[in-house]
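Asker: From just these sequences and the hints, can you work out the full model?
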Amino acid sequence: MTTAYEAIIGLEVHAQLLTTSKLFCGCSTAFGAPPNSNICPVCTGQPGALPVLNQRAVEFAIRAGLALHCRIAPVSLFARKNYFYPDLPKGYQISQYDQPLCLGGHLDISCDGEAKRITILRIHMEEDAGKSTHDIGQATTSHVDLNRACVPLIEIVSGPDLRSPQEAGQYLRALRAILMYLHICDGNMEEGSLRCDANISIRPKGSTVFGTRTELKNLNSFRFLERALAYEIERQIDVVSAGGTVVQETLLWDEKRGRTLSMRSKEEAHDYRYFPDPDLPPLVVDDAMIGAIRAALPELPEAKMARYTGEFGLSAYDARVLTSEKALATFFEHAVTAHRAPKKIANWITTELLGRLNARGESFESLRITPPQLAGLVALVDEGTISGKMAKQVFDTMYATGEAPQAIIAREGLSQVSDSAALETMIDELLATQSAQVAAYRQGKTNLFGFFVGQIMKKTAGRANPALVNALLRKKLEEE
Amino acid sequence: MSRIRTLQKQLAAGTLTSVALTERYLARIREYNPGLHAYLHTAEAFALELAHRADERRRNDRDVTPLTGIPLSIKDVMHVHGLPTTCASKILEHFHPTYHATTVARLLDAGAVILGKTNMDEFAMGASNEHSAYGAVRNPWDPARIPGGSSGGSAAAVSADLCVASLGSDTGGSIRQPAAFCGIVGLKPTYGRVSRYGLVAFASSLDQIGPMTQSVEDAALILQQIAGHDPADSTARNIPVPDFSARLGDEIAGVRIGIPEEYFGEGIDAPVEATVRTAIAHLESLGATTVKIHLPHTRYAVPCYYIIAPAEASANLARYDGVRFGHRAAARGNLHDLYCASRSEGFGPEVTRRIMIGTYVLSSGYYDAYYKKAQQVRTLIARDFAEAFTQVDVICTPTTPHVAFRAGERLDDPLQMYLADICTSSCNLAGLPGISVPCGVNADGMPIGLQLLGRPMDEVTLLQVAYAYEQSTSWHRHHPPHYGIGA
Ligand SMILES: [Zn+2]
Numbered sequence: 047m048t049t050a051y052e053a054i055i056g057l058e059v060h061a062q063l064l065t066t067s068k069l070f071c072g073c074s075t076a077f078g079a080p081p082n083s084n085i086c087p088v089c090t091g092q093p094g095a096l097p098v099l100n101q102r103a104v105e106f107a108i109r110a111g112l113a114l115h116c117r118i119a120p121v122s123l124f125a126r127k128n129y130f131y132p133d134l135p136k137g138y139q140i141s142q143y144d145q146p147l148c149l150g151g152h153l154d155i156s157c158d159g160e161a162k163r164i165t166i167l168r169i170h171m172e173e174d175a176g177k178s179t180h181d182i183g184q185a186t187t188s189h190v191d192l193n194r195a196c197v198p199l200i201e202i203v204s205g206p207d208l209r210s211p212q213e214a215g216q217y218l219r220a221l222r223a224i225l226m227y228l229h230i231c232d233g234n235m236e237e238g239s240l241r242c243d244a245n246i247s248i249r250p251k252g253s254t255v256f257g258t259r260t261e262l263k264n265l266n267s268f269r270f271l272e273r274a275l276a277y278e279i280e281r282q283i284d285v286v287s288a289g290g291t292v293v294q295e296t297l298l299w300d301e302k303r304g305r306t307l308s309m310r311s312k313e314e315a316h317d318y319r320y321f322p323d324p325d326l327p328p329l330v331v332d333d334a335m336i337g338a339i340r341a342a343l344p345e346l347p348e349a350k351m352a353r354y355t356g357e358f359g360l361s362a363y364d365a366r367v368l369t370s371e372k373a374l375a376t377f378f379e380h381a382v383t384a385h386r387a388p389k390k391i392a393n394w395i396t397t398e399l400l401g402r403l404n405a406r407g408e409s410f411e412s413l414r415i416t417p418p419q420l421a422g423l424v425a426l427v428d429e430g431t432i433s434g435k436m437a438k439q440v441f442d443t444m445y446a447t448g449e450a451p452q453a454i455i456a457r458e459g460l461s462q463v464s465d466s467a468a469l470e471t472m473i474d475e476l477l478a479t480q481s482a483q484v485a486a487y488r489q490g491k492t493n494l495f496g497f498f499v500g501q502i503m504k505k506t507a508g509r510a511n512p513a514l515v516n517a518l519l520r521k522k523l524e525e526e
Numbered sequence: 137m138s139r140i141r142t143l144q145k146q147l148a149a150g151t152l153t154s155v156a157l158t159e160r161y162l163a164r165i166r167e168y169n170p171g172l173h174a175y176l177h178t179a180e181a182f183a184l185e186l187a188h189r190a191d192e193r194r195r196n197d198r199d200v201t202p203l204t205g206i207p208l209s210i211k212d213v214m215h216v217h218g219l220p221t222t223c224a225s226k227i228l229e230h231f232h233p234t235y236h237a238t239t240v241a242r243l244l245d246a247g248a249v250i251l252g253k254t255n256m257d258e259f260a261m262g263a264s265n266e267h268s269a270y271g272a273v274r275n276p277w278d279p280a281r282i283p284g285g286s287s288g289g290s291a292a293a294v295s296a297d298l299c300v301a302s303l304g305s306d307t308g309g310s311i312r313q314p315a316a317f318c319g320i321v322g323l324k325p326t327y328g329r330v331s332r333y334g335l336v337a338f339a340s341s342l343d344q345i346g347p348m349t350q351s352v353e354d355a356a357l358i359l360q361q362i363a364g365h366d367p368a369d370s371t372a373r374n375i376p377v378p379d380f381s382a383r384l385g386d387e388i389a390g391v392r393i394g395i396p397e398e399y400f401g402e403g404i405d406a407p408v409e410a411t412v413r414t415a416i417a418h419l420e421s422l423g424a425t426t427v428k429i430h431l432p433h434t435r436y437a438v439p440c441y442y443i444i445a446p447a448e449a450s451a452n453l454a455r456y457d458g459v460r461f462g463h464r465a466a467a468r469g470n471l472h473d474l475y476c477a478s479r480s481e482g483f484g485p486e487v488t489r490r491i492m493i494g495t496y497v498l499s500s501g502y503y504d505a506y507y508k509k510a511q512q513v514r515t516l517i518a519r520d521f522a523e524a525f526t527q528v529d530v531i532c533t534p535t536t537p538h539v540a541f542r543a544g545e546r547l548d549d550p551l552q553m554y555l556a557d558i559c560t561s562s563c564n565l566a567g568l569p570g571i572s573v574p575c576g577v578n579a580d581g582m583p584i585g586l587q588l589l590g591r592p593m594d595e596v597t598l599l600q601v602a603y604a605y606e607q608s609t610s611w612h613r614h615h616p617p618h619y620g621i622g623a
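Going down the list, the protein sequences come from chains A and B.
Start counting the first sequence at 47; every next residue gets the next number (my numbering).
Start counting the second sequence at 137; every next residue gets the next number (my numbering).
Simulated from the structure, these hints should not be mistaken for laboratory data.
Every residue gets a Cβ at the ideal spot worked out from N, C-alpha and C, and that includes glycine.
Worth double-checking, as some hints may not be accurate.
[Unchecked claim] Straight-line C-alpha distance at most 27 Å; calculated DSSO-like pairs for lysine-lysine:
hint, chain 1, residue 1, chain 2, residue 2
1, A, Lys127, A, Lys162
2, A, Lys127, B, Lys428
3, B, Lys508, A, Lys312
4, B, Lys508, A, Lys127
[Said to hold, decoys possible] From the structure, some residues in chain B lie toward chain A, with a derived Cβ separation under 8 Å:
hint, residue
5, His215
6, His217
7, Glu229
8, His232
9, Pro233
10, Tyr235
11, Arg332
12, Tyr333
13, Val336
14, Thr371
15, Ala447
16, Ala466
17, Gly469
18, Leu471
19, Ser499
20, Ser500
Answerer: Now the structure itself:
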């Protein structure tokens, strides 16, 4: 990016709530069911059907609001957003508009080691639309699956506070982590449980006015988000640098071609004709309900980080890495419960475990090692059953097969030889066959000590307990 | 004794069976419906099956209610699973619902017999029933005249005794106005008293289902069965349902009746005003006190109504796009062409007009001037009533400014047609209960209706006063000639 400009980015994130039933009817929200199997008169927009608000979804949305430090509106409204599309059964989407459930919060992110506070303008509830698919090569046929219609979503709107694609990525990662911590969204971007649109403009550095913004849609992975934003920033700078002006429009990111495509201009923008939905009374939330939800909130990343650095004595870096995803933190905590060596376990996770996952591009979900297994491995090192060096070898096998460390050690005979009688016999035999070297040592060539250790290690294929070998050897060499 | 009570007595005595009664009604429908066109769909086999079950229920003395075995009709805007729902529109010509409306389910639970679906203005939009895509209904009192709308089919069917009673829906007067024009009783309950689930929406914040009957007591009996909370309708209030017949027959001495000057005089035909004033004098003679009141925002009710109702309708009717159900145009082309052709072919002119008005008043740039302003006016209208009800118990007005007009007379003048709602629409805007009872006829022998409006959720007082009026006059015993009623 040309240093003369800065980017102004705001994200609108849609998160699908993990309720078992839909927002306004009792249908299941299960993903992957046969098309049009989770439907009823309400979510297919049959004449005469009426919406009834799912209170569980309200609770989930309030959880998000509280975790993001928002004010929960005592009264909020549902509105109708009117537009025609085949996957929108009623011809309008029920959404919150000018009176949303949550207002004015923030999310702290870390960018290049520095903390930055990102404003959350609002969180509102809405229903999802169905899914259209179009037959390839048969332009006349389309299919609509309404299983997803009426599934509960929250839309989380950030302030225009993000200044780079990397910051936007960090924000989305942190937001995703919180939603998963709260257990209100599975965070699966591939299946569309978490979707992201971006508003973006540029301005000369130092300026305080906003430039004309474009809206980027379909940023459905961290990679898409960062690539699309980088592309769009570059494009806007090119336009402005060439003396042109940025046109307000909605753009679609085309990942294959690595560029944005215009979806519609400002002139073609829909007039959604929002008005309050007369089928739904105002949503009233009282303090008691908010209090109960607040009391039941799980420990969130910020609090966890503080505990990890305080109680466990982890470094800030390790604590941040371990709390960046709920699954990771849970893994760590389970392992620590099994063997209370938080620093060592943290080290194993951040270096060995994450190192391998990253190197192979594998996801944490595909991990075969369980927390008790990792704890067991660390315990075996602590007890002296295996050496640290051996442990890495064992870890490799655990990572590949998911076997317990004890089983691997037993099968491959990797446990340390700490039987002093056996080692003593071995040392006696060695010294008997190496009388010349023994004599030399006793005459002062003490640097031969390493030679004797090496011989024992060779005999035991490296399994001899080095400390014990040292002690025994010293005793034998010095005693005569 | 009311029509339903009389029939119940015969059914209980075993001098009549529901099957015989139902067959009699089906025969009457066959004979008279071709001239009236009150029914769009008669369900002979369905009705007889229900009648059989009702008789069996009575034989077994199991859950017999005042409605068990009583033949009713349902306005074709509510779902009866097993029968079509067309809303008198081409766009739903072959539509079959997959579920019962809550009101219908409650009637069936009570053992009622459903004879068929009655004609109406398309999607309940109209005051004359001339906006039915399947042909207009005629007024039993004079076939050259309209029966009122939009529940005109129900009103004509009850008036000509082609059913004992009917369920109608009232958005701006659609139960009370045709009840007045056809000389029957029409009750619009308080908004939220009756579930709207399964009622095809016209204007969701105004629509309410209610009984259309031959007497006040019958209205109370039917309301008793259909009222109450419904978990499927968030706007159906979760409050106790009183005994609506509790004060039928109680004296009305001391009841304070408000007379709003705004509902008399200009715009009201002289014979109608004179008849209604006579009715008010009669109520005074029964011991009620009358109080002059003012409802200053009444004059904005019709314009306010004709912004809010079309606005909500424009969204409610968006689902008829030819994609999932209803009429789909044969036209090929892109998606937009499909929408335009399906909707243009499927909707009649009045529905189209209201969708356009509704879309306009919600449009960016016009929302504040129209929709928002109308909502503010609506609040003022409701406040007028709230203030009035601190002084009075019920409010009394004409139901309509005139008697039923001649078919075709106003078809080309939508504004004149809209003014037929002038006495009824403010009741919907304020969410109040309202009832129309017959109170006389004009020189041509056409019925005139007396409208009573009550406090929210106070149908009991409304019914008490309406019953006292009805029972001390004879207008409810007047029936249109030529239909063999009373024979
Ligand atoms: Zn559903």
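Asker: Against chain A, is Glu229/B within 8 Å by beta-carbon distance?
Answerer: Check failed: Cβ of Glu229/B comes no nearer than 13 Å to chain A, outside 8 Å.
Asker: Would the hint on Tyr333/B be counted as holding, given a Cβ-Cβ threshold of 8 Å to chain A?
Answerer: Tyr333/B check passes; min Cβ-Cβ to chain A is 5 Å, inside 8 Å.
Asker: Hint Ala466/B vs chain A: min CB-CB distance below 8 Å?
Answerer: Result: violated, 14 Å to nearest chain A Cβ.
Asker: For the hint on Pro233/B, does the least C-beta distance to chain A fall short of 8 Å?
Answerer: holds (7 Å)
Asker: Measuring from the C-beta of Leu471/B to each C-beta in chain A, is the shortest one below 8 Å?
Answerer: holds (7 Å)
Asker: Given Tyr235/B was flagged as interface, is its beta-carbon under 8 Å from a beta-carbon of chain A?
Answerer: holds (6 Å)
Asker: Can the hint on Gly469/B be confirmed by a CB-to-CB distance to chain A that is less than 8 Å?
Answerer: Since chain A brings no Cβ nearer than about 10 Å to Gly469/B, farther than 8 Å, the hint is violated.
Asker: Taking the least C-beta to C-beta distance, is Val336/B closer than 8 Å to chain A?
Answerer: holds (4 Å)
Asker: Min Cβ distance, Arg332/B to chain A: is it shorter than 8 Å?
Answerer: holds (7 Å)
Asker: Given Ser499/B was flagged as interface, is its beta-carbon under 8 Å from a beta-carbon of chain A?
Answerer: With a closest approach of 6 Å, the Ser499/B hint holds.
Asker: Just to be careful: measuring from the Cβ of Ser500/B to every Cβ in chain A, is the smallest value less than 8 Å?
Answerer: Cβ of Ser500/B sits 5 Å from chain A, so the hint holds.
Asker: Can the hint on Ala447/B be confirmed by a CB-to-CB distance to chain A that is less than 8 Å?
Answerer: With a minimum Cβ separation of about 6 Å from chain A (threshold 8 Å), the hint on Ala447/B holds.
Going through the hint list in order, the structure does not satisfy hints 1, 2, 6, 7, 8, 16 and 17.
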